[in-house]
Amino acid sequence: MSMMNMDRGDRSDRGDRFEAPTYEKIKAKDEELDYKNVELLRKCIGGQGQMFSRRRTGLSAQRQRMLKNAIKRARHLGLMPFVE
Amino acid sequence: MSRIYEIMYLLDNNAVRAGWKEAKAAATALIEKHGGKVLSARRWDERKLAYTISQRRRGTFLLAYGELDAAGVATLRRELDLTESVLRYLILKVEAVPEKELELTRAESEAGFVVPPPPEDVLAIEEDYAEDEESETEDEAELDESNVPSAELAGEEV
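If you read the sequences in order, they're chains A and B.
Add 108 to a position in the first sequence, counting from 1, and you land on the number used in our numbering.
Add 322 to a position in the second sequence, counting from 1, and you land on the number used in our numbering.
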């Protein structure tokens, strides 16, 4: 991030500009976001078991909500961790 | 008015080991007891749990579909809360029973189908005790080691 700004020498006085990090989106376009689909849900949580944001999953608001409900249901049944 | 519900049970493996058919019958009988009709019921999976539930590390999931009315669901929930062989449950409203589920249920009820018995589950309590004992002995060993250099240092200073 800072490297890029350093290359543009004329902008160095503007300080570090925020650059959104890019993530690989979760490929869940055609898949059903269901609590039973644990394999897919596993891809949408981090190392400590936290859900990924919409920016990271690349889902629509509606689909992200479905993902949220699915993960919470799976957690209740012991299929997914709350914390790891 | 009755609706179709998807009911996922998390069953205690100890109850399942005594006999899958009996465990399944006991779970589905609850639906009927509360004025419902069982449309399909099958063993979904037996797997390791993400965290211990009632000191169990593994559990068997039973996926059932049934037709119940709202009052029936409320009383069923109350009874499931009190049933010890049901560790967790999830009741969801669905439009219809998926075709695939009916097929899989039919496959399970066929004569040749053998339900694999769940593997032995080591009780979490026992394991925790074992871990505690180990860590205690380790701590003692570490203490002994740490005492030695400090004693030597003290000797050098004098």
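Think of the hints as simulated: they come from the structure by calculation, not from any bench.
Only a predicted model underlies this, so the values are computations on that prediction, with no experimental measurement involved.
Incorrect hints may appear among the rest.
[Unchecked claim] Below, in silico cross-link-like pairs of lysine-lysine (DSS-like), each with a Cα-Cα straight-line distance of 30 angstroms or less: (1) LYS359(B) to LYS137(A); (2) LYS355(B) to LYS176(A); (3) LYS135(A) to LYS359(B); (4) LYS355(B) to LYS135(A); (5) LYS151(A) to LYS137(A); (6) LYS422(B) to LYS180(A); (7) LYS343(B) to LYS415(B); (8) LYS135(A) to LYS343(B); (9) LYS415(B) to LYS370(B); (10) LYS370(B) to LYS137(A); (11) LYS176(A) to LYS151(A); (12) LYS370(B) to LYS343(B); (13) LYS355(B) to LYS151(A); (14) LYS343(B) to LYS176(A); (15) LYS359(B) to LYS180(A); (16) LYS422(B) to LYS355(B); (17) LYS355(B) to LYS343(B); (18) LYS370(B) to LYS135(A); (19) LYS422(B) to LYS359(B); (20) LYS415(B) to LYS144(A); (21) LYS144(A) to LYS370(B).
[Claimed, not checked] Residues on chain A that point at chain B, a partial pick, calculated with CB under 7 angstroms: (22) LEU185; (23) MET188; (24) PRO189.
Yeah, the Cβ is synthetic: ideal placement off N, Cα and C, and Gly gets one too.
> If you check each hint against the structure, which ones fail?
Replying inline: 1, 2, 3, 4, 8, 13 and 14
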